[in-house]
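One letter stands for each residue in the lines below.
There are 2 protein chains.
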Amino acid sequence: MTAQPDLTADQTADQTPANGGKITISVDAMGGDAGPTAVVAGIELSAKAYDDIAFVLHGPVEQLEPLVAKRRVLQGRVVFSDARDVVTMDDKPAHVMRNGKGTSMWSSLETLRSGEAAGAVSCGNTGALMAISMIRLRKLPGVNRPAIAILFPSRNPQGFNVMLDVGADVRADSPDLLQFALMGASYARNGLDLDRPRVGLLNVGTEEHKGRAELKEAHALITGHDAANFDFVGFVEGSDITSDRVDVIVTDGFTGNVAIKTGEGTASLIGDLLRQAFRHSIMSRIASVLALSTMFRLKQRIDPRRVNGGVFLGLNGIVVKSHGGADATGVAAAVGLAYRLAKSGFAAKLAARVAKTGNPAEQADNGQAE
Amino acid sequence: MTAQPDLTADQTADQTPANGGKITISVDAMGGDAGPTAVVAGIELSAKAYDDIAFVLHGPVEQLEPLVAKRRVLQGRVVFSDARDVVTMDDKPAHVMRNGKGTSMWSSLETLRSGEAAGAVSCGNTGALMAISMIRLRKLPGVNRPAIAILFPSRNPQGFNVMLDVGADVRADSPDLLQFALMGASYARNGLDLDRPRVGLLNVGTEEHKGRAELKEAHALITGHDAANFDFVGFVEGSDITSDRVDVIVTDGFTGNVAIKTGEGTASLIGDLLRQAFRHSIMSRIASVLALSTMFRLKQRIDPRRVNGGVFLGLNGIVVKSHGGADATGVAAAVGLAYRLAKSGFAAKLAARVAKTGNPAEQADNGQAE
Chain H
350 MTAQPDLTAD QTADQTPANG GKITISVDAM GGDAGPTAVV AGIELSAKAY
400 DDIAFVLHGP VEQLEPLVAK RRVLQGRVVF SDARDVVTMD DKPAHVMRNG
450 KGTSMWSSLE TLRSGEAAGA VSCGNTGALM AISMIRLRKL PGVNRPAIAI
500 LFPSRNPQGF NVMLDVGADV RADSPDLLQF ALMGASYARN GLDLDRPRVG
550 LLNVGTEEHK GRAELKEAHA LITGHDAANF DFVGFVEGSD ITSDRVDVIV
600 TDGFTGNVAI KTGEGTASLI GDLLRQAFRH SIMSRIASVL ALSTMFRLKQ
650 RIDPRRVNGG VFLGLNGIVV KSHGGADATG VAAAVGLAYR LAKSGFAAKL
700 AARVAKTGNP AEQADNGQAE
Chain A
350 MTAQPDLTAD QTADQTPANG GKITISVDAM GGDAGPTAVV AGIELSAKAY
400 DDIAFVLHGP VEQLEPLVAK RRVLQGRVVF SDARDVVTMD DKPAHVMRNG
450 KGTSMWSSLE TLRSGEAAGA VSCGNTGALM AISMIRLRKL PGVNRPAIAI
500 LFPSRNPQGF NVMLDVGADV RADSPDLLQF ALMGASYARN GLDLDRPRVG
550 LLNVGTEEHK GRAELKEAHA LITGHDAANF DFVGFVEGSD ITSDRVDVIV
600 TDGFTGNVAI KTGEGTASLI GDLLRQAFRH SIMSRIASVL ALSTMFRLKQ
650 RIDPRRVNGG VFLGLNGIVV KSHGGADATG VAAAVGLAYR LAKSGFAAKL
700 AARVAKTGNP AEQADNGQAE
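Residue numbers (my numbering), protein chains in the order written: chain H, 350 to 719; chain A, 350 to 719.
No wet-lab data here; the hints were simulated from the structure. Do not rely on the hints blindly, as some may be mistaken.
The list treats identical chains as interchangeable, and a pair is accepted whether it falls inside one copy or across any two copies.
Here are the simulated DSS-like pairs of lysine-lysine, each with C-alpha atoms no more than 27 Å apart in a straight line [unchecked claim]:
#	residue 1	residue 2
1	K441	K648
2	K565	K450
3	K397	K559
4	K371	K441
5	K488	K441
6	K488	K692
7	K450	K559
Using the sequences plus the hints, can you model the full thing?
As structure tokens, this is what we get:
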């Protein structure tokens, strides 16, 4: 196993993608449930938030131009890339890979690939976006499986934990899980400003004898890896995803996807039951009026739109998948995330980080207990 | 594949285990975090709720007798079974299997095995309880992997959905998932009084091409099985665990365990944030006083103690695992569940149900698409 400490990989600034001093984000305007109107309203919010942001906007130009023309803050900051086709939510990834060249999604990734943009954002079909990203951007050297990382509300001071993979692939072998640990730690450093993120491996118990074989192997691999920029806390459980025991939760894309959707479903059920409970009597209706600002504060704290954006890790380039149902606030959150990661030089840092681990297959051979 | 419709297996009454007209539940008094005091207080609540319930209580008799003597409703309804040893939460299942004969947990399962009781309840170590249950009660003919089923709060009229497996085994092959579907449906009929429960298979998407290979196989197996007493709704997602699209969620014990703990963690985080939010200002403090009964109603609705009890399915006998931290209310819920299932003749119905499916390995061979 390579064991060179690498204290600088995440800390050196690298060339910030420059475009007349601007950070350019490539944005797929189509494919979201709310259409290009929400996307353009979202980039308007981002343009107000960041002076040095610019956009390449992909879609039917005759639809996009009038939407942009209405918004003064966007003047001179948007380049249009005319794309006639749209990837729908029902399109199968394999179909899009063969026939998707004319789509706004494909076009948005080409702009990232060519270096004209420093990050790409799409609200479209996740499977198709990952499939095109894999073939056009290609995986980073040393990465076998890319992962999608999201932020999940937690008790930590930063308000969120990083979880990956939440759905890039339904499987992950132990070397993949080591890569996820490294990539997740790097993302937490750059996305959440944590100096030494604590990384945990999701399992059904915290004792070392529990769980599936690949998890015991991954535990040994991550323990054996000379972790210069994170602390490995070992196994964590489902209840730790929202806890302050850990900052980064590592799991396969099947388990991660089920877990985040279970969390979302639970939160949504509680919200609805709360509303029902407040409608129950006159007293509770009065309470609900007085509690409005309280509820608003709570909602702000856990509002999924605030952290809208699954980041694809392990590719040559930063791709942020926004929720398909994102409104302007959600789109702005995803664009803002792509912007901040681009500005921090995250893509190059991540590449340096995983390159240092060498070939994951070798790691597996050396790291396994028997 | 056997395809005989079996309309009667769940509907015929079978011999209710009788003991002077009483339903006897074997209760492990030790091993829970709150000790025998909470357990005896719990069976007192159950004795008040059910006229025809009786108990065999396992543990150090000199500790148990004084606790029982104080409670008038328990007089003449408790038989003591002296057991000196206790299985702790840290004991490994393999160790308990070799050395556990003198424990209250082992003793409580022997009473079930001998037919002196119609159900068993323990607050102790889940892994040890499953391990002893497997060797002493043995699996039902036709069952490869037993499963632990729990109730999870949902939007359904019955207030809960059944989910299994939540931790008996970290793996499940496609024939196991078929068995889980049959056992879960039978449990929903007897535990939730649903005539035709809707059964879903947990996956990362509802489209048939998604997910792991064993899930696609299981989808074909369950679709191909002549389901006389349930409706198969196909794949469901994590967000459906709390939904009204489905009554029974089938998954492997790894995914199920992570999902329920994620749901619990999310609910607990929201509860804490809600309390914080209400403490924020004078207005919100007033609102919180007015909202007290509202919050109490909500808490009642999703109180995990109300549905405390993981049921072991696929064994010769009904074993209910109560939460280790259960108080009297929690113990009473678990005991009440064991009592109701015993009274309905559930064990015999379940055995008839899975016996009809024949050898699961054969099912796999016949049911796979290619």
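Going down the list of hints, with the structure as the test:
1. In the homo-oligomer, the alpha carbons of K441 and K648 never lie at most 27 Å apart, since the shortest distance is 35 Å inside one protomer and 43 Å across protomers.
2. Proximity of K565 to K450 under the C-alpha cut-off of 27 Å is found in neither arrangement, the shortest distances being 42 Å within a copy and 30 Å between copies.
3. With identical chains, the CA atoms of K397 and K559 are never at most 27 Å apart, being 50 Å at best within one copy and 40 Å at best between copies.
4. Within a single copy, K371 and K441 get their C-alpha atoms no closer than 35 Å, and across copies no closer than 59 Å, so neither meets the 27 Å cut-off.
5. In this assembly of identical chains, the alpha carbons of K488 and K441 lie at most 27 Å apart only when taken from the same copy (21 Å versus 42 Å across copies).
6. Proximity of K488 to K692 under the C-alpha cut-off of 27 Å is restricted to the intra-copy arrangement: shortest distance 21 Å within a copy versus 59 Å between copies.
7. In this assembly of identical chains, K450 and K559 lie within 27 Å of each other by CA distance solely across copies; the values are 24 Å between and 46 Å within a copy.
In summary, the structure is inconsistent with hints 1, 2, 3 and 4 from the numbered list given earlier, while agreeing with the others.
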